[in-house]
Amino acid sequence: MRFETIRVEHFGPLADLTWGTEEPLPPLVAVVGPNEAGKSALHGLLGTLLYGFYPASRDGNEWAPWSGGDADIQARVRLRGGEVMEVHRRLLATPWGQLRRGDGVEDLRNQDLPFARHVQREVFLQVYALTLTDLAGLKGRGWDSVQDRLVVGMGSRDLRSPREVIRKWDQEAGRLWRTDRRGTTRHQEIRGRLAELGRERREARERDRELRGLRERIGTLAAERERLRLRRTEVNARLEGARRLLPLRARLRRIDELRERAGDPGELEGLPPDPGARVAELEGRIEDEEEKLARLDGLLAEARDRAEALTDEDRGLLERAVKIRELSGQAPLVQERAARRGALDEELRGLERRIRETAAPLLREGVPLPTPDALEAVALPELERVLAEAGAVRDRVGRIRDRIRFVAEAPLPATSPGGTIAGALLLPAGLLLAGVAGRSLEPGWSTALLLVGLLATLGGALLLHRWWSARAALALRERETAGLEGQLREAEEELERHLDRARELLSALPLGDEVRERPTPGLAVSLSRLREFVQDAAERRSAREALDRADRELAEELDRLRRDVLPGLPREASAAIHHLGTSLSRAEGREEEARRAEARIVELEEERRRQERATTGLQSDVASLREAISRAAGGGDPTDPAVVERVRDRLRALADLRRDEETLPRDFPDLETLRERLEAEGAGGNDGLELDDRDIARLEGERETLQETMEEIRAELGGLRERLDHLGDQVTSDILDGEVEVLREEEARVLRERDRLHVLSRLLVRAEGRFRDEHQPDLLRRAEEHLARITGDRYSRLVLEDGAEGSVFHLHAPHLPHALPVAPPLSTGTREQVYLALRLAIVDHLDEGREPLPLFLDEVLVNWDAARRARGLEVLAGMAEDRQIFLFTCHPGLAREVEERGGAVLTLEGP
Amino acid sequence: MELRARLRDAARAALSSAVSVALDEEVDAVLIAGDLLGGEDLSFATERHLLEELTRLRKGGVQVVYVTGNHDPGILGGTVSRIPWPEGMRVITGPDPVQVEILRNGDVVGVVTGAGHPADRVGEDLSRAFPKPRGPLPQVGLLHTQVGGAAGEGEHHRYAPSELVRLERSGHHYWALGHIHLRQELSASPAIHYPGNLQGRSPRETGAKGGLLVDLESPDAPRVDFVELAPVRWERLRVDGLEALERTDEVVRRVEEAWREVRKQDPGRPGTEWLVRVELAGPSPIVLDLESDEEQAGMCQVLAGALGLLDVEIRTGTLRPLRRVEPHLDRQDVVGEALRLLRELIRDADRSPAAELELEAADLASFQPGEDASLDDHLRGLLEGEEATLVDALLEDRE
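From first to last, the protein sequence lines are chains S and C.
Count along the first sequence starting at 1, add 441, and that's the number in my numbering.
Count along the second sequence starting at 1, add 61, and that's the number in my numbering.
For reference, chain S alone in the conformation it holds in the complex (with noise of 0.2 Å):
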């Protein structure tokens, strides 16, 4: 492809530029300009046009405009084909691309141009645009880079370089197994844990035998202690004989004597264990019994005379009982009425007294007190309202007359006719006098005519209203008298009527003529008083009446009861009260004592009888007794004490009898068994029966030892199995074959992982140089062309080694004694020769049979001799008919030779 216009309005540095407008560009351009001219900016633009912005926005993109604005290139590209395309790009704030071809436009965005998509960008980056300082710093590992990268991957954009690959497979599989000895692998670590497995085992093997010898030790001492209970048992089997067998048949023989004495047991049912003792205690108790009776009867004579002390007079006095206690209840009235009868009589006095007193000023003289009923009769309310009404008009007539009294000496103003007259004089005069001074006069004659006028006037009406106030003074009280006047009349007829109404309610009463005729609102008030006093002394008599008829009643009682029960009782009413109490009361407590003692002989009466049972039960058990006891002696005087002591034995002897079969079983718990034994011993053997005590006492040392060396055995065995339980807790080789099979089989796995990887790893290196083998030969033989007519054919092989820093370059020549390595000493023009032929030789084979991609050369002769540099230039020239190139230089004299050889020069303008 061949860039034929450019087009910069901006770009880094550069603004407003156009170059091949007038002739498209040629194959062979040279840049030159001084240094900040732009030419890396060009060279840069030239790489943009191409792959578009990276990065891809215009923050941090170095070829932003430095004057503002956005980046903004465009190009007429021509293909080898024929085909012409424009590209134009533009860095807004995300990258924006169009490819125009023929009459269609495509949407590039910030995608590589079609034609450039078989070279990355960065393989073109490190290789079509590589300076000379970058190709030059390129050796050892570094060119194994770009050999992966460029050879090895043929470009490829997505290949990881093989030899980090087999770097890594390499170190992990190095990490599970290596065959030297650096560093620990994990297969170490797994024989090292086998190892220490194969230890444990060792030692759970060692558990294992102390477990065997322990559980050997453990059976032998159980047999051994097992030997020794079977002798303890033996022992204590004699010893059992010795000791139990022997008292058991001590037991059985008394048992015999026993039953031997007792005799048969039925002969001494129902004795006691001592019948003569019984005999005697039943005798006693019946002469207790006696004495018991004969208490009883004297405690009957007692009760029963108790109950026949109530006589007559008590039983009378208990008949009358309630009315004696209702007498008794009486006995605080009786002095109560005594003293309320003392109390009416003085104010009975009093009352009598009061009314004399009120009486007298009212009736006249020697007439008798009024009646009660007769003072009842005055209608004492309508006299009382009737005085008062006649006291209130009686307070009006002199209220009344009072004030025509008032009236009459009342002074009236005083005039006199001549004061009269000369008012009615002087009011006209004045009033003429003003009105003559009001008309034309002059004017001082005027004015005093006028005051003289007005003062007459004046004069005149104060005398005339005086005389008219007199005159109407006088007639006032005339008006004022005759009413007062009217009034008292008419208030004098009405007290009479008051008067006359009064008089006609006491006309019943014996009053005085005085009071009768000038009867007060007092006399009302009088009377009504009267009236109560009259009234209260007749209810006081009635009171006491009633008190002296109460007395009279209970003095009747009191003398019936003198007659019918108690003459003796006192004639006074309290003392006689007081007296039926006392004797009541002790009527009632002989009446008590009687009925008590009646139950009290019901009682003693059954005991009585009671008690002759009981006696009468005791005196049968003793002679039953004693026909027992003369039974049992087989005959003979019971009371005879040789016959009770005889029968007394017998019992004793049944006693203990009974006694040792009870206890036999309880003493012996295996009775049946030692019974058996016993009797077999008495058959034949007699095993321990013949023992006596030293032998007991031998036995007793042997058991006392087996129990010691029993005991020495437990602890030891108690040891023995301690220690048994701890190996037992420990980890067995069971436990440890099953880790050692995992762990096998873990080291089967990563043995088997590692030689893997290591075949792969193998296999990549393998597979790597034979690509490399097949393709790397081509490359060489075009550096070699290149190199050969650059140098004049003085150097034309060119050969990779491998060196202890990777593959290494070397020149081979027939004037050189063996191969040369591209490195100093060699001159720098030479090595600058080498590599540039080795750049040419890479970027025909990266894009052989595709579209050859523009090459960019950066001062790449400037080293060179003139030679070398017309023969480089020819070389590029050549290459320049089927990729256009770029030189970039900062020597015009360079640009002239590219001009020379029919190539364009650009140039830039300095800073």
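Check the hints yourself; a few may be wrong.
[Unchecked claim] Residues from chain C shown here face chain S by an in silico Cβ test under 8 Å; the list is partial:
{"hint": "1", "residue": "Leu68"}
{"hint": "2", "residue": "Leu98"}
{"hint": "3", "residue": "Val313"}
{"hint": "4", "residue": "Ala399"}
{"hint": "5", "residue": "Glu417"}
{"hint": "6", "residue": "Leu420"}
{"hint": "7", "residue": "Ala422"}
{"hint": "8", "residue": "Leu425"}
{"hint": "9", "residue": "Thr450"}
{"hint": "10", "residue": "Leu455"}
Quick caveat, the hints were computed from the structure, so don't treat them as lab data.
For every residue, glycine included, the Cβ atom is placed at its ideal position computed from N, Cα and C.
Since the structure of chain S is already known, use the hints to place chain C on it.
Only chain C this time, still in chain S's reference frame:
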């Protein structure tokens, strides 16, 4: 270590269960075809347990016939000769066949002929010396042997090798065999069986483990029933088809589904505890995650909890990156070159991978000259299935 202790306890429990079944079923005899002991390192505790259980059998009136195997040979002074076997138990340690009459209520109801391994590496076929059975009684052969052609024989040493055809023609009604741990029927008539072991001992010994209950009332048509006895079962669960699963929790769910599906067919005896090795296989887009120790620990924990498993282990040895290989075979770069070379080495029998890759036996850790296949075959085994690995390692971008 706790897991190993649990397995040891499980082995003892399996033995106890076997004895209980024998007593419950009132069998006439219990036959033990060698390798009753794991070797000379029989622990004291295990020995005690063994003797207690055998004693229980004897006290229950069950005859016990035991022939020695390569792991418990009848070496004089060896473990077998040292153990105080219960009275009445018949232990056959020598190579010469011994006939034991099986009694029921005092009557002979069958004959067992057995031969033991006198040493740990018996090379001859012990069955050759077995006499031809005679009489109408059921005849049983008891032997610890590796029968040629039996499944799983590659995992065991070829001690006392025998041929199936010889056993079939021996005239015995039943052959009770030991050595191969995989339970299998070699022949139905006559019945020739490996019962396998009572309890799986390693992840390789998967499936139900137990014993065979054999009824020889009809000697020519014995009835053979398997009785599962192992309280702990090893299982392998291969889970593939992971291409579309892009998260580990999805893979966990897939494993759970796969496990439940498998257990529908074979739920195991009630109370069985499971030790499961999950083998994630085939291409996966998250190989790195699934290979991570941390991720695997988390997945194991989740799976054990969700499925009620005693232990879970995840293996990713056959897991491959999700890479399509075919599109890269024609690449003109080192990827294409490596893929082509790999295929050539695996498929072209005339090419020697060892020579091509310049590898010798000493360069490899997993190759055992003389024991394994040839070095080239071993290398081909290592390279098999690694195409995707190559692609994944060399290419930057995921597809």
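Hint check:
| no. | hint | verdict |
| --- | --- | --- |
| 1 | Leu68 | holds (6 Å) |
| 2 | Leu98 | violated (11 Å) |
| 3 | Val313 | violated (23 Å) |
| 4 | Ala399 | holds (4 Å) |
| 5 | Glu417 | holds (6 Å) |
| 6 | Leu420 | holds (6 Å) |
| 7 | Ala422 | violated (11 Å) |
| 8 | Leu425 | holds (5 Å) |
| 9 | Thr450 | holds (7 Å) |
| 10 | Leu455 | holds (5 Å) |
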